[in-house]
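S.K.: Just so you know, the sequences run in chain order A and B. Count the first sequence with this note's numbering and you get residues 50 to 240, in order. Count the second sequence with this note's numbering and you get residues 175 to 721, in order.
What the hints contain is simulated information worked out from the structure, not anything from laboratory work. Model, not experiment: these values are computed from the prediction. For every residue, glycine included, the Cβ atom is placed at its ideal position computed from N, Cα and C. Take these hints with a grain of salt, some might be off.
Stated by the list, open to error - Only part of the chain A face toward chain B is listed, based on derived beta-carbon distances under 10 Å:
(1) Val62
(2) Leu67
(3) Gly75
(4) Phe78
(5) Ala81
(6) Val86
(7) Cys88
(8) Thr122
(9) Pro129
(10) Ser138
(11) His142
(12) Pro146
(13) Asn223
To be verified - A few chain B residues that don't get close to chain A, going by computed Cβ distances all over 10 Å:
(14) Asn617
(15) Asn673
(16) Val683
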Amino acid sequence: MSPDTLRQRHLRVLRRALFATALAFGFGFALAPFYDVLCEKVFGIRPSQVAGEVTACAGGVVAGRELLVEFDTSISPELPWRLDAAKKSVQVHPCEPGTVVFTATNDGRIAMTGRAIFTVAPSEAAIHLSKTECFCFTEQRLEAGESREMPVRFVIDDQLPADVSRLTFRYVFNPVDAPVPDTGGATPTHS
Amino acid sequence: MAHDASAHHDEHEHDHKPQGFVNRWLYATNHKDIGTMYLTMALVMFFVGGLMAMVIRGELMYPGLQLVEPEFFNQMTTMHALVMIFGAVMPAFVGLANWMIPMMIGAPDMALPRMNNWSFWIMPFAFTVLLLPLALKVFFGIGAGGPAGGWTLYPPLSLQGGDSVAFTIFAVHMMGISSIMGAINIIATILNMRAPGMDLLKMPVFVWAWLITAFLLIAVMPVLAGAVTMLLTDKFFGTTFFAASGGGDPVMFQHIFWFFGHPEVYIMILPAFGVVSEIIPTFARKPLFGYKAMVYAIASIAFLSFIVWAHHMFTVGIPLGGELFFMYATMLIAVPTGIKVFNWVFTMWRGSMTFETPMLFALGFVIMFTIGGFSGLMLAIVPADFQYHDTYFVVAHFHYVLVTGAVFSIMAATYFWLPKWTGRMYNETLGKWHFWLSTVFVNLLFFPQHFLGLAGMPRRIPDYNVAFADWNLVSSIGGFGFGLSQLIFAYIVWDCARNKSLAKATNQVWEGARGLEWSLPSPAPYHSFSTPPVIEDGMLAHADVAH
Numbered sequence: 050m051s052p053d054t055l056r057q058r059h060l061r062v063l064r065r066a067l068f069a070t071a072l073a074f075g076f077g078f079a080l081a082p083f084y085d086v087l088c089e090k091v092f093g094i095r096p097s098q099v100a101g102e103v104t105a106c107a108g109g110v111v112a113g114r115e116l117l118v119e120f121d122t123s124i125s126p127e128l129p130w131r132l133d134a135a136k137k138s139v140q141v142h143p144c145e146p147g148t149v150v151f152t153a154t155n156d157g158r159i160a161m162t163g164r165a166i167f168t169v170a171p172s173e174a175a176i177h178l179s180k181t182e183c184f185c186f187t188e189q190r191l192e193a194g195e196s197r198e199m200p201v202r203f204v205i206d207d208q209l210p211a212d213v214s215r216l217t218f219r220y221v222f223n224p225v226d227a228p229v230p231d232t233g234g235a236t237p238t239h240s
Numbered sequence: 175m176a177h178d179a180s181a182h183h184d185e186h187e188h189d190h191k192p193q194g195f196v197n198r199w200l201y202a203t204n205h206k207d208i209g210t211m212y213l214t215m216a217l218v219m220f221f222v223g224g225l226m227a228m229v230i231r232g233e234l235m236y237p238g239l240q241l242v243e244p245e246f247f248n249q250m251t252t253m254h255a256l257v258m259i260f261g262a263v264m265p266a267f268v269g270l271a272n273w274m275i276p277m278m279i280g281a282p283d284m285a286l287p288r289m290n291n292w293s294f295w296i297m298p299f300a301f302t303v304l305l306l307p308l309a310l311k312v313f314f315g316i317g318a319g320g321p322a323g324g325w326t327l328y329p330p331l332s333l334q335g336g337d338s339v340a341f342t343i344f345a346v347h348m349m350g351i352s353s354i355m356g357a358i359n360i361i362a363t364i365l366n367m368r369a370p371g372m373d374l375l376k377m378p379v380f381v382w383a384w385l386i387t388a389f390l391l392i393a394v395m396p397v398l399a400g401a402v403t404m405l406l407t408d409k410f411f412g413t414t415f416f417a418a419s420g421g422g423d424p425v426m427f428q429h430i431f432w433f434f435g436h437p438e439v440y441i442m443i444l445p446a447f448g449v450v451s452e453i454i455p456t457f458a459r460k461p462l463f464g465y466k467a468m469v470y471a472i473a474s475i476a477f478l479s480f481i482v483w484a485h486h487m488f489t490v491g492i493p494l495g496g497e498l499f500f501m502y503a504t505m506l507i508a509v510p511t512g513i514k515v516f517n518w519v520f521t522m523w524r525g526s527m528t529f530e531t532p533m534l535f536a537l538g539f540v541i542m543f544t545i546g547g548f549s550g551l552m553l554a555i556v557p558a559d560f561q562y563h564d565t566y567f568v569v570a571h572f573h574y575v576l577v578t579g580a581v582f583s584i585m586a587a588t589y590f591w592l593p594k595w596t597g598r599m600y601n602e603t604l605g606k607w608h609f610w611l612s613t614v615f616v617n618l619l620f621f622p623q624h625f626l627g628l629a630g631m632p633r634r635i636p637d638y639n640v641a642f643a644d645w646n647l648v649s650s651i652g653g654f655g656f657g658l659s660q661l662i663f664a665y666i667v668w669d670c671a672r673n674k675s676l677a678k679a680t681n682q683v684w685e686g687a688r689g690l691e692w693s694l695p696s697p698a699p700y701h702s703f704s705t706p707p708v709i710e711d712g713m714l715a716h717a718d719v720a721h
């Protein structure tokens, strides 16, 4: 074998390997847009917080099935706010509209804008849940010391998997366009 | 081969090594020199990472906070993992590949020697960048220290860290580039440079293991690069791939990370399988049992590694169907792994075994890696994993597979090939001391962590409930003992490389050794197989495999 052909074979391996490397690098990024699609189509989870349409519920309220909906709230450390639900939990039937009132208070000295992120557990309940009103749909601006009552109205459809009887709604308030605080250069161990 | 060997007998005069330190090492293109540099750097990093482990065990020796601040403790756990994975285990295996693959397949050098130089010399810079924030804090009191959010860099915690995140990400990029170039080199060498007669299915298992590992590296290191790049833009450029406040999903990072992370686990263990598959037949004086099954088992494990990633995140909220799929897929890995363990045992069955240090480490590997494999099976069971997740049980599991698995195999390989590298027999008595001290202390170190984990002690904490005190004390004593025992290893290697009064090694070194590397003189000449060797009957370990 002449050295030239060996060199060509090395370069062929090199080219193919670099091409594979580029593909793998792209694959990592491609997972980002595909992630939501895969979650919804394969597992019936909707990771994004947009409320869905209630497609079922043609049969009206399912009186024979009770669902316990619990509420959990937290605030990003950068936001000097409080968020409280009027009730820790509510009992609803599938297809029956439920309402709970949340109160957000700005304990800080300046007006700030926050946006609440919503998640529901178990995750497979997400596509069976729809909300007609939620403070998480829009940004909320609170003046210093201001307090605001915000109702959340929701319906859970009758297609919810039978083994789900307890749901947790979780809201996390994050600041909008606030400067990222420097926590001193490293990850805080105590919050 | 025989006359070739005698011609090179007076090796130092005829090797045409490059003269001068810079020419020899900085511009190194010789696979043996580059292998030596990789192995040396891995040993240094092993002690750097080990020192961090000593800080961790020192703090955990007693309940309460004694030695370090929690913040610094978290930096230690994070950096210990990054340094050991990317600085010790992976470069050690690349070093072994550089040294041994060309000699095992009858090639004069690696396929792309200049790229080989580059892939090594990126590493010292990568580790300078990685260790810089920590070193500045420790030695000069500048800044806040290294990353402390765990080596997995999960957001949002890693995004809340300081600027050390940028150093870590840049270092990970450089290490990734280095690994990928090393992998390309290994694939090109194995595919293009085998001596005539060295068919793919006659190659030593170590070469096979590295070929498959190299493919894994090319497939997943870029995915890690992508994940950390997204982390970087999330932190510094306002994107929201993982930041929930902008519609991103932190769980997505875990999926992408472990899509890299699980094959990475096998990147660190497949070459170990290869090493052990070379050593056990040598000291059992029998051919490897089920050679083809061994090769196919490695390939199966590599394939399965791509479809099990979510078992690292069972508790994150995955739907039942997903949990079941990842549970069964994970358990399936026990089948090819079991084939390997049984074949090693069958290789020893009725062999005329001797127990030199490499064999001791290889046997220690088989037994203790299997313990780690079994605890891995326990962790694969979803309902059980909810109990074990993020406890010391997980710590015990992955240290059994990585320390008594990967690290023990690297030590076995070092003792096995050290006479070939230096031309001298290392101090066998000290080697046996090193093995037995390491084995006793490593079990004292990690076995009690199973109990701690089952009792509920969480990972990554500097302080704990007093109920966990006794086993933590035992574990810490084991840790210090294991750490100190490794000084013996460093001494043996240094002694073997420098001490001219040690016994000369023969060409074959070990009585039962088969394969092309043993047909070369000891020490292996600087340039070997400049013309392809003529392979004779009985020279290869796997030449009589029926196709």
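S.K.: Which hint numbers doesn't this structure obey?
M.R.: 6, 8, 9, 10, 11 and 12
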